[in-house]
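Fit chains B and C to the known structure of chain A by using the hints.
In case you want the letters, here they are:
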Amino acid sequence: MTQPVLEARSLVKSFGGIRATDNLSLTVLPGELHAVIGPNGAGKTTLITQLCGSLLPDAGEVLFKGVDITQRPAYERAQMGIARSFQITSLIMDMTVLENVALAAQAHMGSSFRFFRSVRHDEPVLSHARACLARVGLAAEADRVTRTLPHGGHRRMEIAIALAAKSELMLLDEPMAGLGTDESQDIIALLRALKGEQTIVLIEHDMDAVFALADRISVLVYGHIIACGTPDEIRQNAEVRAAYLGEESEGV
Amino acid sequence: MSATNYPKLTLLVMVLLAVLPPLFYFTGQPFYLDLATRLTILAIAAVSLNLILGYSGLVSFGHAAYIGLGAYAVGIPGYHAIYGGLESWGLASTSGWLHFPLAMLIGAIFALITGIVCLRTKGVYFIMITMAFAQMVYYAIVSIKTYGGDDGLTIDVRSEFPGVSLDDPLQLFGVSYVVLVAVMLLVRMMVNSRFGMVLRGAKGNNERMVMMGYNTYRYQLTAYVISGAIAALSGALLGNFTTFISPEMMDWTRSGELMFMVILGGVATTVGPVLGAVAFILIEEVLSTFTIYWQLPFGLLLMGVVLYSQGGLANILGQWRARRALRDASQGGAAQEHKL
Amino acid sequence: MDYALFVMQVLNGLQLGLLLFLVASGLTLVFGILDFVNLAHASLYMVGALVCASLTLVLGNFVWALLLAIPVTALVGWTVERLVARRLYGRDHLDQVLATFGLILVLTTLAHLIWGPQGISVPLPSWLKGQLAFSDTLIFPIYRLVIIGAGLLAALGLYVLVTHTRLGMLIRAGASNRQMVSALGVNIERLFAIVFSLGAVLAGLAGMLVAPITEASIGMGNGIIITAFVVIIVGGIGSMKGAFIAAMLIGLIDTLGRAFLDGVFKLFMSSDAAENSAPAVSAMLIYIIMALVLAFRPKGLFPPKVR
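Chains as they are written, first to last, in the working numbering: chain A, 1 to 252; chain B, 1 to 340; chain C, 1 to 307.
Bound conformation, chain A alone:
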């Protein structure tokens, strides 16, 4: 059996009396696009924060390529090859689009304890950043101040930043949050193009996107994975239908 890129084993996280993550186990295989779906409040963001390291679990383990990273701080995990995009846009608003992505690239291209050379002359970083911007369709906006971009531009930047990190694993937290149908279609096409190049964990609400893109789907309910399988398997899973898809299953 191929070694999973990412493994979560029996993760537990409580806030006060509430168990946001309840004995959660998850495996992500190399090269797959693994979607995590679940009703609101199921604990999807709590899961992502524990995977990327902004939150430490109360119990359980997280393994990346077989290495136990449970206690490692977030910046170390990022250096090891895990990239994350945020559900609520988290960008450096006063910097340009290019500067944001260049910083993401710079983190993986040598030491940043360089004090004298201007980043304007950092060709390798800049060309890589521009390439990532081109892939998400933002090449023309490179010199615009991030704050001036519309929401759709910000969502694309989130993906560009994840790309620039030359990561092995991308954790995408609702990349299409707040987007209209047209823009969502663009993102779906983008993600489809990325499939296979990277391992992607996709948290999404948009069922069209999920079923169109995912190789496997895990269903998260009340902090626990109740089912994991191919899109067809999930569509037909009675428990999932009951807990989540509900009446919508009629049309599927």
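Just so you know, not all the hints are guaranteed correct.
Each computed DSS-like pair below joins lysine-lysine, with the alpha-carbon atoms no more than 30 Å apart [said to hold, decoys possible]:
#1 C:266 / B:145
#2 C:299 / B:122
#3 B:122 / C:266
#4 C:241 / C:299
#5 A:65 / A:195
#6 A:166 / A:195
#7 A:65 / A:166
These are computed hints drawn from the structure, not numbers from a lab.
Coordinates of chains B and C only, in the frame set by chain A:
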């Protein structure tokens, strides 16, 4: 790059600063040369504070402590050179080659130790802790009676360098000016480098930077140490400028004044700290000629600046430019519409 | 060790601790409820002391003066809240720090204009001037015991206020969720004004109590404000319990440190070295403690729950 810079303004200010004070001196008004020297020295400290406050978003309310430490790094060896003691440590000396590097070393060490603690905190905690550490240094120095305690050191110490006499006010001004220019260039270079971009990114969105793989704490600590060393250097110059080295130099209210210089002048700009120092010194001078109660209108002015302005003097110019650009753009747009 | 001396220094430490608590509690109350950093808090300490001093000279009676100075200080606090603080709610903490820094200059200069640069001695009535002798060597001034008593009373009063009254309930609710309280129809503006004035009164009271010992002067706030910040940092910004415990801790450590550190040093150092280093170290002691606490608890000992 998005670092706001006003090259023409910077050049203008620096040229005026180089030319006017010596002019005053030679036309028989040495008072203005002294004013300019003090201004230049404070500007050096303001530039160092701008590095961590303006560019990195670390609000240190205890920066005056470094100025004080730097001054005492000149005063204490000077004291022992006159009165003896500490020779075995090599610390009884009037040599500038000891004073200045010693000042920077002490500044760096103090910044390292306090930075390790402070940088684990954020927001209001950070502000208050930096204030507390500065006050700690103040009380520590005050309690050492040998060096004058509350009254300070009243010996006239000058750091001796071969070929330069800091006794001569014109030369002292010259040295201070050169240091200011050097420090401004250094900081400017740093903020546009990889290191500086990480700092600026962390100021804008620390969580984002961490997620990108940066241990922002380490970068901030490095900047904090560099800033402390530079501020201590300004203190060594100040120790040469005044004949009276006192703990008051590191009182937390001095830190507040330094912060105002940086913020008033314009954070995260090259010329901002200098403008702020100019504004501060001028206002202080002008107001105090009118009344001994000058701190009242001064305080009101400071409150007014906070309540009603965003970004400080240098950025006000940036805002005018932006507003004009916007106006031009919208006029262009209107012209387009008319065509249709 | 001299037992009597030790007990006296402990009592001094308690006194300092309670005074610190009075100042710090106001600071932490205002920060916890109003999310407002008030550097000028110590100016209210100074104002309280000066007002009480003037009233004592006018009325000839310290106790009456104190009772009258309290509402006057509340009024000053209320004015500051209306004119300055109100415009800064919700603003960046840095802006609040800078604006209140300017406010300190304004208030200090105004005080200078009204009361002059010299300190004002506050005479105590004869029944408060004496000393209490517990033994041959254990003698303690009555007034200091009164301060301790008054401080404890005020602390108790605060506790009762916060836990057993409607206002206290609103304060606690406001501390954990400001918007909710406002949504429930409570007049938030009035609540804030009351809390701010309460903070001013606490600080002012501390100033009034200490004035007979140290003189009421315009510089008196400078020393105490930083120590008060150390107290609330160590205790946890926004926590009354933290402020109390930290204040007592710091009051005791500071006092006992200054009194006995050279003695402790002499146990393992030469007498000269001890006498040279002890004053500096004891001056730095509370900051070292602060650094140690922060090393393990960056948010203080008892930080209030996150909103």
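Tested hints:
Of the supplied pair hints, the one linking residue 266 (chain C) and residue 145 (chain B) holds, its CA atoms being roughly 19 Å apart against a limit of 30 Å. Distance restraint check for residue 299 (chain C) and residue 122 (chain B): the Cα-Cα separation of roughly 9 Å lies within the 30 Å cut-off, and the hinted pair is therefore satisfied. In summary, the hint linking residue 122 (chain B) to residue 266 (chain C) is not supported, as the alpha carbons are separated by about 39 Å, beyond the 30 Å threshold. The hinted pair formed by residue 241 (chain C) and residue 299 (chain C) meets the criterion: a straight-line CA distance of about 14 Å does not exceed 30 Å.
Distance hint between residue 65 (chain A) and residue 195 (chain A) is fulfilled; the C-alpha atoms sit about 19 Å from each other, no more than 30 Å. For the hint pairing residue 166 (chain A) with residue 195 (chain A), the CA-to-CA distance comes to about 14 Å; that is within 30 Å, so the pair holds. Proximity of residue 65 (chain A) to residue 166 (chain A) is assessed by CA-CA distance (about 16 Å); at most 30 Å being required, the pair is judged to hold.
In the structure shown, a violation is registered for the earlier hint numbered 3 alone.
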